[in-house]
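Q: Chains as they are written, first to last, in our numbering: chain A, 33 to 380; chain B, 33 to 380; chain C, 33 to 380.
Hints may be right or wrong, so weigh each one.
Since the list gives no way to pick out one identical chain from another, each pair is judged satisfied if it fits inside one copy or across any two copies.
Unchecked claim - Derived DSSO-like pairs (lysine-lysine); straight-line CA-CA distance at most 27 Å:
1) LYS145 - LYS127
2) LYS215 - LYS34
3) LYS127 - LYS84
4) LYS145 - LYS180
5) LYS197 - LYS180
6) LYS145 - LYS84
7) LYS180 - LYS34
8) LYS197 - LYS215
9) LYS197 - LYS145
10) LYS127 - LYS180
11) LYS151 - LYS180
These aren't lab readings, by the way, just hints derived from the structure by calculation.
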Amino acid sequence: MKTNPGNFFEDFRLGQRIRHATPRTVTAGDGALYTALYGGRFAVQSSDAFAKAVGYPAAPVDDLLTFHVVFGKTVPDISLNAVANLGYAECRFLKPVYPGDTLSTVSEVIGLKENSNGKTGTVYVRSVGSNQRGEEVLSYVRWVMVRKRDEGAPAPQAHVPQLAKRVEPSGLGGACPAIDAAKWDDGLSGSPHRFGDYARGERIDHVDGMTVEEAEHQLATRLYQNTARVHFNQHSEAQGRFGRRLVYGGHVISLARALSFNGLANAFHIAAVNGGRHVAPLFAGGTVFAWSEILETADVPGRQDVGALRILTRATRDLPCTGFPVEDGAPDRPGVVLELDYWALMVR
Amino acid sequence: MKTNPGNFFEDFRLGQRIRHATPRTVTAGDGALYTALYGGRFAVQSSDAFAKAVGYPAAPVDDLLTFHVVFGKTVPDISLNAVANLGYAECRFLKPVYPGDTLSTVSEVIGLKENSNGKTGTVYVRSVGSNQRGEEVLSYVRWVMVRKRDEGAPAPQAHVPQLAKRVEPSGLGGACPAIDAAKWDDGLSGSPHRFGDYARGERIDHVDGMTVEEAEHQLATRLYQNTARVHFNQHSEAQGRFGRRLVYGGHVISLARALSFNGLANAFHIAAVNGGRHVAPLFAGGTVFAWSEILETADVPGRQDVGALRILTRATRDLPCTGFPVEDGAPDRPGVVLELDYWALMVR
Amino acid sequence: MKTNPGNFFEDFRLGQRIRHATPRTVTAGDGALYTALYGGRFAVQSSDAFAKAVGYPAAPVDDLLTFHVVFGKTVPDISLNAVANLGYAECRFLKPVYPGDTLSTVSEVIGLKENSNGKTGTVYVRSVGSNQRGEEVLSYVRWVMVRKRDEGAPAPQAHVPQLAKRVEPSGLGGACPAIDAAKWDDGLSGSPHRFGDYARGERIDHVDGMTVEEAEHQLATRLYQNTARVHFNQHSEAQGRFGRRLVYGGHVISLARALSFNGLANAFHIAAVNGGRHVAPLFAGGTVFAWSEILETADVPGRQDVGALRILTRATRDLPCTGFPVEDGAPDRPGVVLELDYWALMVR
């Protein structure tokens, strides 16, 4: 058979290394579409002039655009037969990506555990995105629940990897050049609040809401060459679990990040994602809101220019975040759809 | 508070100067999206080869894309608490913008007048967009009705600026290099009609209509980093004045300009906007038509290559322009949504 | 009249040459939008690094993007008053197109035949797209049924051109540089199946389906500066034949091609289109599926690096292609919407 049926649970082997198609050159065109899809306003990614003034050679590609492109490549091999995307961990941005760079992805199977029902199992992979010079730009672990092709296939020896609860602050600076904080123009960046102005426990309602249209999430997900069927095919999804197309979870992450500018304007770089959960599905027509809590503030070893904020951002659907809502376990009502625990760098 | 509540009427001071976030590098990606959103066919903006042949170093960015990017930056500071966008005047394009240029905006408060109800007031600002070399590329005045935070706040001394009814022809050439009219290829530009073929009083129905989708105007408005809430948030707008999201007025201007190619193909450059009014709201699902009247033809002092047409373009919703409709004061029926009085340069 | 009424059947003359507006510089922005619209994953067009490794100077523009841009220019002159787009033939890609190239189109009328009803006639044109150096990049014939303005206008001498049933294999290599097959990385390209693995008569279900939204096909068609009214104007189409906007047929071609990656990943270049028919209309909300049959396999004279597959791709609406459906003549039911007979080059 020449078409790709995707891998089933019993097709994965511990230690297996999978090189993914298709390499992708990221361009200024992708950057423009990314802005049109989410409306991001972080100055470093928006302006070559601003980026150069503070120490970048040019405006880098948005960190999450890099994530989505690297992630998209893994879908045909890892999650085409997935039932659920269970989580992320140890996600680190290692080098900045600039327009013109070509990204490709390799994954390694680092854990396998069949479920007791014998129909599915959890696959853990570490995926690494590299540029055209072979330099690693992004590394992350995700785990997904994947169907078995044949329920009679023997279960592999269970192996669940030990994953860090959080990325250590020493691992946060790789994708950020030295920033000249004196050249950082708060008027242009949109906020006078720098690293020292944020404290552990602080909560920020990002105020604004953004309604998602079918055309928007489809454009986004195709831009990332993510082929998961649930996002595009109303004909089949009409018969499916939800009766409709499901918005790519990464689309929600990008919306929440763009909304977070209102309150975190100087948190210019996502350095790492400690963990993430898509708590409930999002569908077109839903309006996404977000709020953030500062979990931790940390020095980055060896860096005087920037500090790190560990931020827990929750995105909701059809629920403004004035009251800082948390998950309440009601999947069919307005409520939390995303919890994202990440490290952002902020200028001092 | 770290989030931006926007300025209220009593926050503005006459002579106040506001530097706006976020600087924005305009790229070929923005140009492609602009074409996809409106379908513009003016040869100078569409083709590097055409632009170079007639005297530009490369195809410039569409004038209205420049306008929208410069305008978008002002929204978080000027009009987040606006009730209505009342008008524009003295809008001049001063330098061409090319892909790779970075735009930023500074505004000055040039007028203030509290309304007699004590709840709102009109704020007049002159906004200037500049490129990465600090050269001014665009200057315009707009006035908006803004809510007061505290109705008890004292009214400022009323000051209403004197604004020109029209930009003088001597001020029109700044963003247009010398055009080699002999190299202007009417076959490629789409029309044999040049400056001398248009006369005062002439009316042109632009024939075609364009239906607007929610995803389209949202993509456009985010591309311009315009954060006005009424365009994006169905959850809150469902409870609002119209029960639905409002299309950014600039989206209508760009649609009308693109439609005007059919009849004004050689009017390659918007040199100035004398005035503009959003007569009625537009919503997704509406179909935009447009017609134009030539108000004036003028020489541009010192220029033999181009002449200036002063054009009044009216855009309508759900109303073809065969009968050259004008405003009739019925906001809930098909009818005029935009009146735009502008100067275009046309090759002689 | 300064607006373009389009040409009617009696306006065309055998041998007439029509230079079309508007020249168009194709950029990386167009490439990004093309990816967002269709989700293509062919490695040569997606990655500069991959393209350079195998022998291109850079990633070329997608062949069908070139087609749509060249085609779009012909609409205002050829098919504005068309009743139906009847067919394509002798379509050859002659030179690769790269971001930065400017495309323009010239057509020649090569056939005319009035219909017996005296109200319409068939116009045959050969359209040639060229780049900024005057090099031909694409040539194709299409024929359309066009209305007469005046039913009393005399019928021209009927002339129906002889058109090749298929492009000869000797004419297929022009837009493809020498490919270094040893550098072709099957892991990155997405499939181990090369030219020798495909056989005449083989049928491939491309599995996936893609639902089309109004905003998507409107964005696409405007990107190509295609001005056909049926695609954009719900106000007039509500009164028309279908009661709704019609999706540009080329949008369906691009969707089918993108879907065909799943089974034809190494068919990296469309070298020619032998024929194409839009069997039934597509509307927003429809889900497109596709399947392909290998009609022929051929050597390309003088080329050891690549072979040619003649492929018949059928696209359907709301009908998965597991059963390899063919046209059954039921226009209002799920079924075939497109038959496209084309030559693709595949690495050996």
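Q: Of all the hints given earlier, name the ones this structure violates by number, lowest first.
A: 1, 5, 6, 8, 10
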